[in-house]
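If you're matching them up, the sequences are chains H and Z in order. Residue 1 is where the first sequence starts when you use the numbering used here, and the numbers rise one by one after that. Residue 113 is where the second sequence starts when you use the numbering used here, and the numbers rise one by one after that.
Calculated from the structure, these hints are not laboratory results. Even glycine gets a Cβ: it sits at the ideal position worked out from N, Cα and C. Warning: the hint list may mix true and false statements.
Derived Cβ-Cβ restraints for the label pairs, each shown as a range [stated by the list, open to error]: (1) Thr38/H to Lys180/Z: 26 to 34 Å; (2) Glu105/H to Glu171/Z: 36 to 44 Å; (3) His10/H to Gln121/Z: 24 to 32 Å; (4) Pro226/Z to Glu68/H: 30 to 38 Å; (5) Ala98/H to Lys117/Z: 25 to 33 Å; (6) Ala157/Z to Glu83/H: 25 to 33 Å; (7) Gly129/Z to Leu112/H: 38 to 46 Å; (8) Pro164/Z to Leu112/H: 44 to 52 Å; (9) Pro8/H to Ser167/Z: 18 to 26 Å.
Straight-line C-alpha distance at most 20 Å; calculated SDA-like pairs for lysine to any residue [claimed, not checked]: (10) Lys154/Z to Ser197/Z; (11) Lys117/Z to Thr38/H; (12) Lys11/H to Val111/H; (13) Lys206/Z to Ile26/H; (14) Lys154/Z to Ile26/H; (15) Lys154/Z to Glu44/H; (16) Lys57/H to Gly212/Z; (17) Lys170/Z to Glu100/H; (18) Lys57/H to Tyr215/Z; (19) Lys206/Z to Glu100/H; (20) Lys206/Z to Ser186/Z; (21) Lys206/Z to Lys11/H; (22) Lys71/H to Leu55/H; (23) Lys117/Z to Gly153/Z; (24) Lys206/Z to Glu44/H; (25) Lys206/Z to Leu96/H; (26) Lys183/Z to Pro152/Z; (27) Lys206/Z to Gln115/Z; (28) Lys154/Z to Gly40/H; (29) Lys57/H to Gln114/Z; (30) Lys154/Z to Gly3/H; (31) Lys117/Z to Leu39/H; (32) Lys206/Z to Gln54/H; (33) Lys154/Z to Lys57/H; (34) Lys57/H to Lys180/Z; (35) Lys11/H to His188/Z; (36) Lys117/Z to Ile132/Z; (37) Lys154/Z to Ile12/H; (38) Lys206/Z to Ile12/H; (39) Lys154/Z to Ala88/H; (40) Lys180/Z to Ile132/Z.
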Amino acid sequence: DTGVSQDPRHKITKRGQNVTFRCDPISEHNRLYWYRQTLGQGPEFLTYFQNEAQLEKSRLLSDRFSAERPKGSFSTLEIQRTEQGDSAMYLCASSLEAGELFFGEGSRLTVL
Amino acid sequence: QQQVKQSPQSLIVQKGGISIINCAYENTAFDYFPWYQQFPGKGPALLIAIRPDVSEKKEGRFTISFNKSAKQFSLHIMDSQPGDSATYFCAASKGGSTLGRLYFGRGTQLTVWP
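Turn these sequences into a full structure, and let the hints steer you where they fit.
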């Protein structure tokens, strides 16, 4: 499968715990995006990388959220001290510069 | 503030009918307007997209109509099929020659009855 891969697909955690999501983009894509989607809403932009550089971050990305793309390939999104309001689907997408965004199937987070 | 406003929230259409979903935006810097289709448990997938230098783009049964002066664009699905039942999102970007972040509408849940 050469699409965008996200892991884990589902994560249930207790409030206050840290969670990390991984995204493997399509191999030749230099841009990688993170979006968050809650039930009944459209995806909301969190951040994006061009190669290893984080070019833009949304105000939604509080200091409890951190994203990295260390070698310009896969990316991780970490949420520290999770809150119930963090429960959502976290979507990763990748693209060539100026190209179509290809989304993964998402990582669903449930915070109890 | 919602950068892209989408309506209706839900739509029920009979098989063979035309589905129409509308979106409006305010930011005149937007220059790329895609539509995404999302099935339950899946990520959004690009359906069709338009840039403001044209007023209409057609791909198979899917057509985008774009009205730059009104800052509106719409998706028309001709001969709607039960397999089209999904959530549709309009979006906009101001990437210029390089695509930047997308601003999504809230989505329209389309149900096509057989």
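Quick rundown of the hints versus the structure:
no.: 1; hint: Thr38/H to Lys180/Z: 26 to 34 Å; result: holds (31 Å)
no.: 2; hint: Glu105/H to Glu171/Z: 36 to 44 Å; result: violated (24 Å)
no.: 3; hint: His10/H to Gln121/Z: 24 to 32 Å; result: holds (27 Å)
no.: 4; hint: Pro226/Z to Glu68/H: 30 to 38 Å; result: violated (47 Å)
no.: 5; hint: Ala98/H to Lys117/Z: 25 to 33 Å; result: holds (26 Å)
no.: 6; hint: Ala157/Z to Glu83/H: 25 to 33 Å; result: holds (30 Å)
no.: 7; hint: Gly129/Z to Leu112/H: 38 to 46 Å; result: holds (43 Å)
no.: 8; hint: Pro164/Z to Leu112/H: 44 to 52 Å; result: holds (46 Å)
no.: 9; hint: Pro8/H to Ser167/Z: 18 to 26 Å; result: violated (44 Å)
no.: 10; hint: Lys154/Z to Ser197/Z; result: holds (13 Å)
no.: 11; hint: Lys117/Z to Thr38/H; result: holds (17 Å)
no.: 12; hint: Lys11/H to Val111/H; result: holds (8 Å)
no.: 13; hint: Lys206/Z to Ile26/H; result: violated (23 Å)
no.: 14; hint: Lys154/Z to Ile26/H; result: holds (17 Å)
no.: 15; hint: Lys154/Z to Glu44/H; result: holds (16 Å)
no.: 16; hint: Lys57/H to Gly212/Z; result: holds (12 Å)
no.: 17; hint: Lys170/Z to Glu100/H; result: holds (17 Å)
no.: 18; hint: Lys57/H to Tyr215/Z; result: holds (14 Å)
no.: 19; hint: Lys206/Z to Glu100/H; result: holds (14 Å)
no.: 20; hint: Lys206/Z to Ser186/Z; result: holds (18 Å)
no.: 21; hint: Lys206/Z to Lys11/H; result: violated (33 Å)
no.: 22; hint: Lys71/H to Leu55/H; result: holds (15 Å)
no.: 23; hint: Lys117/Z to Gly153/Z; result: violated (24 Å)
no.: 24; hint: Lys206/Z to Glu44/H; result: holds (15 Å)
no.: 25; hint: Lys206/Z to Leu96/H; result: holds (16 Å)
no.: 26; hint: Lys183/Z to Pro152/Z; result: violated (30 Å)
no.: 27; hint: Lys206/Z to Gln115/Z; result: holds (12 Å)
no.: 28; hint: Lys154/Z to Gly40/H; result: holds (14 Å)
no.: 29; hint: Lys57/H to Gln114/Z; result: holds (18 Å)
no.: 30; hint: Lys154/Z to Gly3/H; result: holds (12 Å)
no.: 31; hint: Lys117/Z to Leu39/H; result: holds (17 Å)
no.: 32; hint: Lys206/Z to Gln54/H; result: holds (18 Å)
no.: 33; hint: Lys154/Z to Lys57/H; result: violated (24 Å)
no.: 34; hint: Lys57/H to Lys180/Z; result: violated (29 Å)
no.: 35; hint: Lys11/H to His188/Z; result: violated (37 Å)
no.: 36; hint: Lys117/Z to Ile132/Z; result: holds (15 Å)
no.: 37; hint: Lys154/Z to Ile12/H; result: holds (19 Å)
no.: 38; hint: Lys206/Z to Ile12/H; result: violated (36 Å)
no.: 39; hint: Lys154/Z to Ala88/H; result: holds (14 Å)
no.: 40; hint: Lys180/Z to Ile132/Z; result: holds (18 Å)
When held up to the earlier numbered hints, the structure conflicts with 2, 4, 9, 13, 21, 23, 26, 33, 34, 35, 38 and fits the remainder.
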